[in-house]
Each structure stands twice: as C-alpha cells, then as structure tokens.
Amino acid sequence: MKNRKHSKTDYDFLNPLVDRPDLEPDPDFIMSLRKKIINNDKKKFRMPGNFNFVGVSLLAIITLSLLMYTIDFSDDSLSTLQTEPASHSDTTQVPNYDIKDLITANYSYNSMYQKLLEAEMPDRHAAEVFILYLEALKNNDAEQYGKYSVNHMDGTTETLMTQYNEIYYNTFYIENITPSKGEPVYEVNLKFTQKGGNTGAAKIYIQFFDSKVSINQSLENFITDVTAVNVPKQTVSIMETVEFDTLCFNGRLIVDMYMNTKFVNGCTTDKGEIESVLSIIDNIPIKEPSQEESDERLTALQQTDNYQIYLGNSVAYDERKYTITLYEDGIFQYQPMGMEGLGDITTKPYVEKYSELKKLLDEIAE
Amino acid sequence: MESEQVMIEHLYDEYRNDVYHFSLYFTNNKQEAEDITQETFIKVMKNLHQLKDVNKRKTWILSIAKNTAIDLKRKQKLINFLPQLLKGNGLKTHDDAQDENRLINTENWRELQKAILTLKPHYRSIVILRALKEISVKETAEILGCTEGKVRVDLHRAINQLKKELAIIDGGDYREESKTF
Chain A
27 MKNRKHSKTD YDFLNPLVDR PDLEPDPDFI MSLRKKIINN DKKKFRMPGN FNFVGVSLLA
87 IITLSLLMYT IDFSDDSLST LQTEPASHSD TTQVPNYDIK DLITANYSYN SMYQKLLEAE
147 MPDRHAAEVF ILYLEALKNN DAEQYGKYSV NHMDGTTETL MTQYNEIYYN TFYIENITPS
207 KGEPVYEVNL KFTQKGGNTG AAKIYIQFFD SKVSINQSLE NFITDVTAVN VPKQTVSIME
267 TVEFDTLCFN GRLIVDMYMN TKFVNGCTTD KGEIESVLSI IDNIPIKEPS QEESDERLTA
327 LQQTDNYQIY LGNSVAYDER KYTITLYEDG IFQYQPMGME GLGDITTKPY VEKYSELKKL
387 LDEIAE
Chain B
455 MESEQVMIEH LYDEYRNDVY HFSLYFTNNK QEAEDITQET FIKVMKNLHQ LKDVNKRKTW
515 ILSIAKNTAI DLKRKQKLIN FLPQLLKGNG LKTHDDAQDE NRLINTENWR ELQKAILTLK
575 PHYRSIVILR ALKEISVKET AEILGCTEGK VRVDLHRAIN QLKKELAIID GGDYREESKT
635 F
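If you read the sequences in order, they're chains A and B. Under my numbering, read the first sequence as residues 27 to 392, first letter to last. Under my numbering, read the second sequence as residues 455 to 635, first letter to last.
Think of the hints as simulated: they come from the structure by calculation, not from any bench. Do not rely on the hints blindly, as some may be mistaken.
[Unchecked claim] Listed next, the in silico EDC-like pairs over lysine to aspartate or glutamate satisfying Cα-Cα at most 20 Å (straight line): (1) Lys512(B) to Asp282(A); (2) Lys126(A) to Glu588(B); (3) Lys61(A) to Glu468(B); (4) Lys500(B) to Asp355(A); (5) Lys604(B) to Glu588(B); (6) Lys510(B) to Asp282(A); (7) Lys500(B) to Asp127(A); (8) Lys506(B) to Asp282(A); (9) Lys347(A) to Glu301(A); (10) Lys568(B) to Asp36(A).
[Stated by the list, open to error] Quick look at which bits of chain B chain A covers, simulated, 3 or more residues with Cβ under 8 Å: (11) 494-506; (12) 509-518; (13) 601-607.
For glycine and all other residues, C-beta sits at the position ideal for the given N, C-alpha and C.
Given only the sequences and the hints, what does the whole structure look like? Please build it.
So this is what it looks like as structure tokens:
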C-alpha cells in the first residue's frame, strides 16, 4: 500500500487514507484465523474444478506427484496386475479409515473430533483414535477395532459391535470429557439415538499408557435406553402451552455464489399453516445449553440461513409470546417471552427437520 | 485432501490483507473488520466448489467480502430488532466494540474515512476498490456485479459526493481544494 503509483487522478485527495495507521491486521488475529480455517471448518469443503491458481509451485508438486505415481506403478506393474483383479471383483464396500474423509462426511464425527481436540489431551492423536474406534465398530472390523481397544481379547467384541450397529451414527455427540485425577485417562460420555428411537449413552475411556493411545470400554458402560434409566425426557410442546394466533418469521438466505443474501419474512394466522410449522418442532427433546453451547449458538446467529419464528397475537403484534430460532446446523432454540439468556436448545441437531421447516417457511414467505 | 489444505492456505495468505483492508475501510472498526474477514474466509472455504473460474478468485473473494460487510450492517439492524433474544448473552454490539476503544484513532485522514462512511454501501465499495485498493475497472465491475460503465459513472458520483461531504465536515469547499492536486 505504501508504494502507490502516483498518476494524477480525481481521487488523489484520498491518499492519506491509503497510508492510514492501523491498516494492517493484527498478526495474532491473522495467525489465529489461519489456524481456525485450516483445522476447524472443513465440514463442507469441496475441491474446485480447476486448481491451477495455487501457482506454479503447487502445479509443480502435483506434476511431480503424478510422474512419481506413474513411474512407481510401471516399475511394479506385474504385482499390480496380480492384486488388482481381486479388488475390482469385490463388490463389498471397503471400509475407509481416512480420518479426514470420515470427519468431512459425518457431522457427528466432525463435532466429536473438534471437541476431543479442544480437550487438549496428552496426545492429539486421541481424537483420531476415538473416531477410528467408532468406525471400526460400525464396520464390524475386529482387526481394526483390536488396534485401538484394550478389550479386544475379553470376548465382548461381537456383542459391542452388535450394539453399535443399532445406533444412528449421525446422532453421536459427546456430552462431556473428564480427565482422571490420578491416571492419564479421560472419561468420554457419549450420547446417541438408537435405531429403535431410544436415546443411549456410553462411557468410553481414552488411555495414555506407554506412549500409546488406547480405548477402554466395557459392556456395562453401554446404556441402551438412557431416557428410561437416567433423566426424564424433557420436551417442549408449544402448541399446548402457548396461547397465540399469529406466527411470524424472518431469515436471511444466501442466494448465489457471491454470497448475496436476501431477507425472507412472513406472517400467517392460517391455523393449518401454523400447525404444519409447529408440528415439526413440537415435542423434540430439549435441554439447557452449556456455556460452550451458548457461545456456539451466538456465533451461529451471525451466519446466514438461520431463521427466527415469533409467536404472538394479531391484536398485539409487538408482544411476542415465544421465539424459536432455527439454526442451519439443525439445532433449535426455544425461548418463552421474557426469558433471559438462550432458553433451551435441542439435545442434538435435527437437520432433516430444519430442511423441512425451511421449505415450509419459504412457501409461507411474503 | 492435502491439496485442499494447500489451496485454502494459499487463498488465505494471498487475499487476507485485501479482505481486511476492504473491511476496515468499509467499517472503520477493527473488531468488525476482523469479523468480516473471518466470515468471508469461512464462506470462501465452504463454497470453494462454486468457484468455477479460478482466474476470478480475487474478484470472487472480494465480492464475498463486500456482501459480508453489507450483511454485517444489516445484521446490526436485525439485532436491534431482536433485543429480547440477545439481551444478556454477551454479544458484542457495534457500540460495545466502540466502548472497547477499538475504533481506530485518527489524525488527518480521519475526516476522509468519516466521509467514506457516509456514502451508501455501493458507492463506498466503489471508492474503496477503485481509489484505495486500485483495483481495475473491469475487476471492480466483477466484484460489484455491474458493468464497467456503471463503475466509472458511479465512481465519479461517489467522489463528488465524498467531496461535498468533506466540504460539510471541513466547513469549506473541499472540491475546490481538490482541483489543485
């Protein structure tokens, strides 16, 4: 910016601004954002069709890699030919244990992975081992499971795998992580929904002995119906508890690749429409958010594709009875009028319900 | 996967300053400039697959920054519309950020910056891109999604408006002074 070319223009009077103080970003901010971008937010990352923009250096690396790939396989073509037919003829899906692929494809994995990293355990590989352990159970892969589990020789493997096969893997979330006071062991409390609809819980211990990360999980610590055993099921029924006749909403949606947005809003007093909307979000399990979750929601509120639904009465429009916030990630927030803070949030993301609601609201929008 | 990481790092390193500069000129607030920069790169990362012509990566990223900056201002209005929801949650508002003394201390460029903030977002963007960042007319048109002719005309109008605003701030005729440059 300091080496501005000085051709006379109609706007040269703005030159003092070009060299204004504090123009450069704070190096700490730059570093921290760089770290965040690289490590944390790759959920929806996709390769563009053409990537020559990374410059000659990357092009050279890729070219070199391709050359090496070609040379490597041409030198060993016989062995390649001998082994490849088996893999081509095998129609069963080969388990993929690439951690990046797994956390990119599965929202729950990604969320748990980040939470485990944030726990700052003695070995950062713990997050990876934990996810791979779950994936091995999902795939009934005893060999892979044995790499991480200390229980693989005690005869419980098959039962554990059967139980994990009854879980919707996209419903996993970590409730909390507690370090042991005496040993290099972390207790991870895991929650999930089973295919029968019950909410389950499991305690999994991550151990750090002899410079190795391993997983310890006994069958006793696998509860298949936590709602029946543990806490009473807490839900919110807005339709039964709130008196209102009007439903209004607003939201801001991204409309094109340049992130242009449009504001959508609408109101309805049509009972059928109101019922359609509320029936989707009524009676979903809710909980009081933790501090961490509250912070996360506040950040999410800054993003687009979140909606707010207000319930009130047409005669006193400004007096809202209830607010429901629908976040893009499928978490919903319920807040009665006059309540401070965030109110309650759903116990897990309901992405499908969010999509259904979004569609419905778009139809109602003015 | 490795290439993806290299790409995003490269994009970030290449354009982080441009995005930040644009955001700072647009808001004159460091906190908001950081917020816009962060939001822009999160959007870039999430939507990289939409970048079909990589030669337009700069205009693509800056157009996202521009839209994000405009959005931030709209959201500040939306937040005011939702005081009940946000009350007590510790969300930093524009005023809070100012209270934190993050508004940049200014000297003789202060009036120029102040005048830029009075322009409507489209004019403000044109002045920042063309006059301050020296981005070509063609690229500015791509960023703003308009024709090159409109960029030229609107820049001229924006500069005139800016000079009028400066005349008001200074209590004199800035346009006349500027003729001597």
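Here is what the structure says about each hint:
This hinted pair checks out: Lys512(B) and Asp282(A) have alpha carbons roughly 17 Å apart, not beyond 20 Å. Between Lys126(A) and Glu588(B) the alpha-carbon distance is near 40 Å, which puts this suggested pair outside the 20 Å criterion. Between the alpha carbons of Lys61(A) and Glu468(B) the distance comes to roughly 15 Å, so the proposed pair stays at or under 20 Å and holds. For a cut-off of 20 Å, the pair hint linking Lys500(B) to Asp355(A) stands: about 14 Å separates their Cα positions.
Taken as a hint, the Lys604(B) and Glu588(B) pair is honoured in the structure, with Cα atoms around 17 Å apart against an allowance of 20 Å. Between Lys510(B) and Asp282(A) the alpha-carbon distance is near 16 Å, which keeps this suggested pair within the 20 Å criterion. At roughly 16 Å between alpha-carbon atoms, Lys500(B) and Asp127(A) fall within 20 Å of each other, so this suggested pair holds. Of the pairs offered as hints, the one joining Lys506(B) and Asp282(A) holds, with about 13 Å between alpha carbons and a cut-off of 20 Å not exceeded.
Distance restraint check for Lys347(A) and Glu301(A): the Cα-Cα separation of roughly 16 Å lies within the 20 Å cut-off, and the hinted pair is therefore satisfied. Restraint check for Lys568(B) and Asp36(A): the C-alpha separation of about 19 Å stays at or below 20 Å, so the hint holds. Only residues whose beta carbon comes within less than 8 Å of a beta carbon in chain A count, and the region 494-506 of chain B has 11; three or more means the coverage holds. Coverage of the region 509-518 of chain B by chain A holds in this model, with 5 residues showing a Cβ closer than 8 Å to a Cβ of that chain against a need of three.
Only residues whose beta carbon comes within less than 8 Å of a beta carbon in chain A count, and the region 601-607 of chain B has 0; fewer than three means the coverage is violated.
Checked against the numbered hints above, the structure violates hints 2 and 13; every other hint is satisfied.
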